[in-house]
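There are 4 protein chains.
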Amino acid sequence: MIRVGIVGATGMVGQRYITLLEGHPWFTVTCVAASAQSAGVSYAESVKGRWHMSEPIPKNVGKLKVVDAMNIDEIARSCDFVFSAVEMPDKEKVKQLEESLAAAGLPVISSGSAHRWTEDVPMLLPEINSDHTKMIDAQRKKRGWKKGFIVVKPNCSIQSFLTPIYALQQAGYEVDRLSVVTMQAISGAGYPGVPSLDMVDNIVPFIGGEEEKTETEPLKILSEIKKEKFVLTNNLTITAACNRVPVSDGHTACVSISFKKKKPTKEQIISIWKSFSSVPQKLKLPMAPKQAIIYLEEDNRPQPKKDRGSEHGMAISVGRLRECNLLDFKFVGLSHNTIRGAAGGGILNAELLVKQGYIK
Amino acid sequence: MIRVGIVGATGMVGQRYITLLEGHPWFTVTCVAASAQSAGVSYAESVKGRWHMSEPIPKNVGKLKVVDAMNIDEIARSCDFVFSAVEMPDKEKVKQLEESLAAAGLPVISSGSAHRWTEDVPMLLPEINSDHTKMIDAQRKKRGWKKGFIVVKPNCSIQSFLTPIYALQQAGYEVDRLSVVTMQAISGAGYPGVPSLDMVDNIVPFIGGEEEKTETEPLKILSEIKKEKFVLTNNLTITAACNRVPVSDGHTACVSISFKKKKPTKEQIISIWKSFSSVPQKLKLPMAPKQAIIYLEEDNRPQPKKDRGSEHGMAISVGRLRECNLLDFKFVGLSHNTIRGAAGGGILNAELLVKQGYIK
Amino acid sequence: MIRVGIVGATGMVGQRYITLLEGHPWFTVTCVAASAQSAGVSYAESVKGRWHMSEPIPKNVGKLKVVDAMNIDEIARSCDFVFSAVEMPDKEKVKQLEESLAAAGLPVISSGSAHRWTEDVPMLLPEINSDHTKMIDAQRKKRGWKKGFIVVKPNCSIQSFLTPIYALQQAGYEVDRLSVVTMQAISGAGYPGVPSLDMVDNIVPFIGGEEEKTETEPLKILSEIKKEKFVLTNNLTITAACNRVPVSDGHTACVSISFKKKKPTKEQIISIWKSFSSVPQKLKLPMAPKQAIIYLEEDNRPQPKKDRGSEHGMAISVGRLRECNLLDFKFVGLSHNTIRGAAGGGILNAELLVKQGYIK
Amino acid sequence: MIRVGIVGATGMVGQRYITLLEGHPWFTVTCVAASAQSAGVSYAESVKGRWHMSEPIPKNVGKLKVVDAMNIDEIARSCDFVFSAVEMPDKEKVKQLEESLAAAGLPVISSGSAHRWTEDVPMLLPEINSDHTKMIDAQRKKRGWKKGFIVVKPNCSIQSFLTPIYALQQAGYEVDRLSVVTMQAISGAGYPGVPSLDMVDNIVPFIGGEEEKTETEPLKILSEIKKEKFVLTNNLTITAACNRVPVSDGHTACVSISFKKKKPTKEQIISIWKSFSSVPQKLKLPMAPKQAIIYLEEDNRPQPKKDRGSEHGMAISVGRLRECNLLDFKFVGLSHNTIRGAAGGGILNAELLVKQGYIK
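Chains as they are written, first to last, in the numbering used here: chain A, 1 to 360; chain B, 1 to 360; chain C, 1 to 360; chain D, 1 to 360.
What the hints contain is simulated information worked out from the structure, not anything from laboratory work.
Any given hint could turn out to be false.
Said to hold, decoys possible - Listed next, the in silico DSSO-like pairs over lysine-lysine satisfying Cα-Cα at most 27 Å (straight line): (1) D:K360 / B:K59; (2) A:K213 / B:K266; (3) D:K262 / B:K59; (4) A:K48 / C:K263; (5) C:K48 / A:K59; (6) D:K63 / B:K48; (7) C:K263 / D:K260; (8) B:K263 / A:K260; (9) D:K147 / B:K59; (10) C:K266 / A:K266; (11) B:K227 / B:K213; (12) D:K59 / B:K290; (13) A:K59 / C:K220; (14) B:K260 / A:K260; (15) C:K220 / C:K262; (16) A:K266 / A:K93; (17) D:K226 / B:K282; (18) D:K134 / D:K360; (19) B:K355 / B:K146; (20) B:K355 / B:K147; (21) B:K266 / D:K48; (22) D:K147 / C:K266; (23) A:K220 / A:K261; (24) C:K266 / A:K48; (25) D:K360 / B:K63; (26) D:K146 / D:K59; (27) C:K274 / A:K63; (28) D:K282 / B:K290; (29) D:K263 / C:K260; (30) A:K290 / C:K266; (31) C:K263 / A:K290; (32) A:K226 / A:K146; (33) D:K274 / B:K48; (34) A:K142 / A:K91; (35) B:K274 / D:K63; (36) B:K290 / D:K63; (37) A:K266 / B:K63.
To be verified - For the chain D half of the interface with chain C, some residues (derived, Cβ under 7 Å), not all of them: (38) R177; (39) S179; (40) M183.
Just so it is clear, the structure is predicted and the values come from calculations on it, not from any experiment.
We put the beta carbon where it would ideally sit given N, CA and C, even for glycine.
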């Protein structure tokens with residue numbers, strides 16, 4: 001078993017990692033790290049009264065003593081790689097922490113945004129850009145790291161539509177314009193996060209920074225690596241409006257797209273989505289959804305409550321494909337923001353890196 | 001005082017009419033009509049256990065005996081004009097009922113969709129097309145009606161954005177493309193309407209017929225009357241995606257627009273909206289919002305809970321004006337669907353028709 | 001494998017039965033019956049657009065042709081026993097249908113209320129009165145049934161507190177007074193059930209018939225069988241107030257109790273609950289929770305979202321045990337209303353009856 | 001006009017005071033005080049982005065400069081009395097602040113809990129104990145204050161049931177036991193207050209300190225003053241369980257009561273409630289509800305969304321009076337927690353004190 005550390009283990013995403021990793025065939029949690037004030041007691045003790053998962057704390061993890069996240073040496077001794085789910089507001093400090101962990105020899109799989117635009121750090125969505133991991137070699141060389149490295153996963157808001165778009169690109173239909181309006185779940189803001197006074201009988205048409213991430217991160221994910229640099233060759237233009245809605249888990253996206261040249265039929269698009277299968281599916285990664293994209297025929301689907309759990313929260317559900325008066329087609333996409341969009345996506349990244357030999 | 005009848009008085013919109021008309025300076029409710037099974041008892045009796053307003057039933061209306069809506073003669077005797085808020089599923093029957101009422105000499109102000117595309121029936125949004133009432137003359141002539149006529153109001157989903165768009169058109173900036181995603185309140189579906197199992201921890205990305213209405217009704221509202229016909233001269237292309245969200249009242253719209261030729265600056269748009277004033281404001285109609293369009297500077301506004309009540313539910317609240325990567329600008333619009341979008345809009349139509357001499 | 005029929009298969013409880021029975025070690029669904037208008041097509045077809053579970057329809061069940069529930073012969077041919085989850089408003093008709101099925105040789109495990117007070121029908125809660133099944137012999141004798149019989153499960157509102165009370169009784173502490181206020185989930189009302197206009201920013205302090213069931217059903221469950229009759233020997237007095245709250249699944253109960261004579265300490269009560277184990281646990285029934293009663297130490301537990309899923313929805317979660325100024329102790333109880341309180345409870349009854357030899 | 005200061009003006013209760021006082025016939029807001037970090041700017045500036053009322057900020061108040069709440073002299077100069085709505089966690093500091101304000105000559109009407117059990121401070125609920133204000137004389141004498149004094153209002157959780165109980169006591173029916181389970185709105189916790197992750201598809205069966213307040217505060221309110229002391233002569237025993245539910249405003253209470261000796265009939269109770277009128281009604285205080293207790297005949301009322309606004313949020317709504325198996329009667333009570341239960345109740349106290357000559 002490969003020994004896993006979770007840095008930022010007491011937060012919402014950290015808790016989701018711990019829940020999802022229970023019973024994992026390759027990974028076992030051997031280190032939980034958090035801020036200094038949580039450190040020194042058992043993990044069970046540290047999250048008492050603020051455990052937010054519906055599953056109980058796995059017994060073996062509950063007994064682990066929480067390590068101070070600044071104690072790099074102790075973390076490096078007690079695991080083979082780490083998931084970083086640090087929630088510090090100061091992004092510079094997160095960057096430094098993740099770099100220190102990598103410098104200490106640890107592969108760092110981050111779900112945070114700190115290093116997303118660092119020029120030698122790949123932003124991985126394994127169904128799309130599993131080859132971007134080769135940037136790790138350049139990263140190690142440049143920074144003088146032997147074993148450690150940093151990879152990140154993209155923002156949760158783009159998962160509901162980017163894989164379906166990529167599936168079409170792969171099939172030869174280049175998407176050039178994309179308009180997306182998201183309706184995002186409250187778990188995306190962590191705990192305590194969004195006040196209930198804003199979510200009872202209300203929606204909030206704004207999430208700080210989310211539209212910018214939604215409009216730009218796909219460009220890096222879909223980029224090509226040339227001469228050890230990510231080159232944003234893709235001609236995709238994205239506009240996004242992001243809303244917070246009173247849903248516990250599951251981000252929904254209303255999407256319109258247009259194609260640059262060749263335009264598929266509705267039937268062709270559905271067929272492409274239904275038959276889409278990529279590297280995680282081919283490698284049979286444990287966390288990979290068997291069916292990466294699920295197309296629902298009912299008029300009123302996907303819905304967060306009914307569809308977020310598909311394929312253990314790792315599938316992208318789409319539906320309502322129809323013609324658009326302005327662009328070419330409209331559809332609705334949905335994904336589980338704390339599984340596919342956070343911890344589950346991080347685990348899938350780690351599994352890919354194991355198969356590729358970057359994590360041993 | 002002008003005597004008012006409400007046909008469909010026991011439904012959600014009918015109840016809202018009754019609440020809003022209490023204390024009206026010109027109108028007094030003298031007739032309440034509903035389906036045969038509600039008829040024959042007092043209005044208070046007929047809505048017992050299904051009165052959904054937070055205000056109590058006005059005493060004078062509570063005592064009125066409910067008339068069978070098919071009893072045209074009795075309705076015609078007891079009022080000077082009617083608001084039609086009939087909720088029958090069979091649109092043909094609604095059409096016939098409204099025509100019978102008009103034939104009996106009653107002006108009919110309908111909030112239903114049955115006659116929206118009838119070629120001689122104006123679809124009124126008084127801030128935009130108060131001159132469309134002149135079609136009433138053609139309608140009377142064609143149908144041989146002396147006193148009666150039919151006008152309708154448009155669907156609630158378009159109110160959150162159409163007046164702001166019109167304000168820009170009026171100022172000389174022609175909008176040619178409009179992409180809108182709505183997040184609509186449950187009161188729009190009446191009672192019992194949307195099951196709570198669909199609205200607790202969920203949204204539904206579909207409302208039957210709503211996207212079609214949103215995409216087409218603005219064209220008739222913005223049309224010109226030529227030779228007694230509505231001519232859809234406007235070059236506006238609209239695409240819409242409509243969602244149901246767990247909000248009691250207030251439809252929110254995420255809107256992107258592009259301009260055909262001349263493009264205003266952000267500051268110009270806000271200035272146009274803030275200074276917009278139209279016929280209802282100039283005529284000082286009792287139901288008219290003093291400020292027709294309210295622009296909110298805060299990042300996270302408008303919100304249904306905070307803004308639906310502005311100007312007694314008759315204002316359009318807008319915010320978050322910003323550049324769009326795809327079209328020219330994006331913004332968020334909001335209006336109260338059962339006030340501005342239904343009963344309040346109907347009353348404003350009636351007030352306009354009084355001032356214009358069509359209702360006496 | 002024992003062949004199972006589900007009568008009322010298209011409703012909410014029927015769907016939950018089908019989901020819970022997937023992969024059951026003893027039972028396989030071979031017959032799905034519903035009203036005449038659903039009959040004749042595949043089960044998947046019959047629930048299209050109204051499948052409310054988050055799990056997909058099990059493939060083998062989706063292919064079954066839906067039988068008309070009135071076609072007793074066909075049902076009797078295609079299964080060994082049935083779960084009755086019929087939702088007809090006319091209780092007399094439900095009674096007759098369940099009797100016809102039993103007369104045709106089928107054991108009938110009902111989750112409905114029609115036969116709960118029929119004098120020869122046991123109301124089973126296996127942790128409490130597994131011996132009440134012996135009434136089946138009297139029932140068969142009286143009615144001349146050879147193989148068939150009827151048993152029922154009690155109302156969902158009492159599950160959150162009755163097993164904890166029984167555990168105390170068993171330990172020698174007789175509870176004589178019980179005051180309970182429930183906050184019940186919307187799934188208890190089926191689909192469409194409670195309108196969302198009643199559940200957004202609201203609660204409803206009334207559920208028709210629920211308080212009466214809550215106050216009386218425990219008496220039959222806790223009764224003794226003497227001379228082939230249920231004798232309500234128990235001196236328990238119950239008062240109940242039942243509320244509907246915007247929670248999808250999970251009924252919560254605020255309970256106060258007093259003891260007739262001997263009064264345990266707080267520590268003793270918690271210890272009794274934690275160590276409680278009864279017939280389903282001893283028989284290791286597949287659906288039985290390993291831990292029947294879970295006591296939570298946190299101040300703010302149990303909560304529906306966090307605790308309804310415990311032990312696959314079959315555990316009773318309790319917490320907040322504290323002294324009561326009026327009676328002796330107060331606590332909060334919680335159970336999953338459509339699993340423990342409906343389909344899961346029904347399956348547990350069936351498993352018990354298999355072990356006891358009544359179902360073969 | 002009497003000049004009013006609001007200390008703690010930027011919080012939820014402070015905002016409600018400002019909204020409710022707009023257009024008040026006797027009072028005009030001339031001073032708004034808050035913590036040092038809010039001080040120095042205009043009130044409109046200080047609440048930018050955190051104004052939670054649906055009404056806009058009254059213009060005259062928006063322009064007032066926010067005073068540091070520790071600047072007692074400036075507050076004392078700029079108003080004739082203050083409403084204290086301070087939300088500091090340290091109750092000792094609140095006590096000192098309120099005492100300093102009183103020492104500076106200001107009558108202090110507090111909605112906080114700091115001074116509720118101070119032995120010379122009356123806890124006023126004007127319909128019940130308007131005569132408790134005479135303790136002000138003793139308070140002034142003891143503390144050497146000439147003009148200033150402190151009165152408090154009780155906790156919001158008891159308003160839904162205490163006036164109905166008092167009405168029965170007044171009519172000669174002594175209530176001796178009271179069991180109450182509350183379902184309380186989120187606005188009671190202020191902003192940000194309860195996280196939305198706890199209130200979407202969930203309830204929380206615990207509110208810190210609330211059960212203790214509910215069980216003890218009625219005793220002081222119903223007490224007699226003897227020799228300048230509050231003597232808790234009342235034999236009322238109360239047990240309470242308090243729950244947080246996803247409702248924006250309006251606390252609901254499920255109540256059971258028993259009578260010591262004489263027991264009224266159901267009809268008598270309803271008649272007593274309907275005809276109840278007390279000092280605020282007799283004095284025609286501007287904030288007083290005309291109908292202090294509203295009895296609703298419908299089975300499913302009162303409900304927060306429909307009834308919290310009755311009599312401008314100042315009425316107590318009751319319903320569902322029925323026999324109780326354990327005590328004598330059960331009913332449901334409801335009141336608006338931030339109007340009747342906080343700012344509105346404070347204003348009513350101030351109005352009473354004006355009529356009694358304590359505020360000039």
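| field | Hint consistency between K260 of chain B and K260 of chain A [alpha-carbon to alpha-carbon, up to 27 Å] | value | Holds, at roughly 22 Å.
| Does K59 of chain A lie within 27 Å of K48 of chain C when you go C-alpha to C-alpha? | violated (41 Å)
| message | Please verify whether K274 of chain D and K48 of chain B have alpha carbons no more than 27 Å apart. | response | holds (19 Å)
| query | Given the hinted pair K355 of chain B and K146 of chain B, is their alpha-carbon gap at most 27 Å? | reply | Distance of about 19 Å is within 27 Å: holds.
| said: Next pair to validate is K262 of chain D with K59 of chain B; report whether the Cα-Cα distance is within 27 Å. | reply: violated (37 Å)
| Quick one, are K282 of chain D and K290 of chain B close enough, alpha carbons at most 27 Å? | The hint is violated at about 39 Å.
| field | 27 Å limit on alpha-carbon distance, applied to hinted pair K226 of chain A and K146 of chain A | value | The hint holds at about 23 Å.
| Given hint K63 of chain D paired with K274 of chain B - CA-CA distance at most 27 Å | holds (21 Å)
| message | Hint check: K263 of chain C vs K260 of chain D, CA-CA at most 27 Å. Holds or violated? | response | At roughly 25 Å apart (the allowed maximum being 27 Å), K260 of chain D and K263 of chain C satisfy the hint.
| task | Using Cβ atoms only, decide whether R177 of chain D comes closer than 7 Å to chain C, and label the hint accordingly. | result | Holds. Min distance 6 Å.
| message | What's the verdict on K142 of chain A and K91 of chain A, does the C-alpha distance respect the 27 Å limit or exceed it? | response | Holds - the C-alpha atoms of K91 of chain A and K142 of chain A are around 22 Å apart, at most 27 Å.
| field | Restraint status (C-alpha distance of K59 of chain A to K220 of chain C at most 27 Å) | value | violated (40 Å)
Consistency with the previously given hints fails for numbers 1, 3, 4, 5, 6, 9, 10, 13, 16, 17, 22, 25, 26, 28, 30, 31, 37, ordered from lowest to highest.
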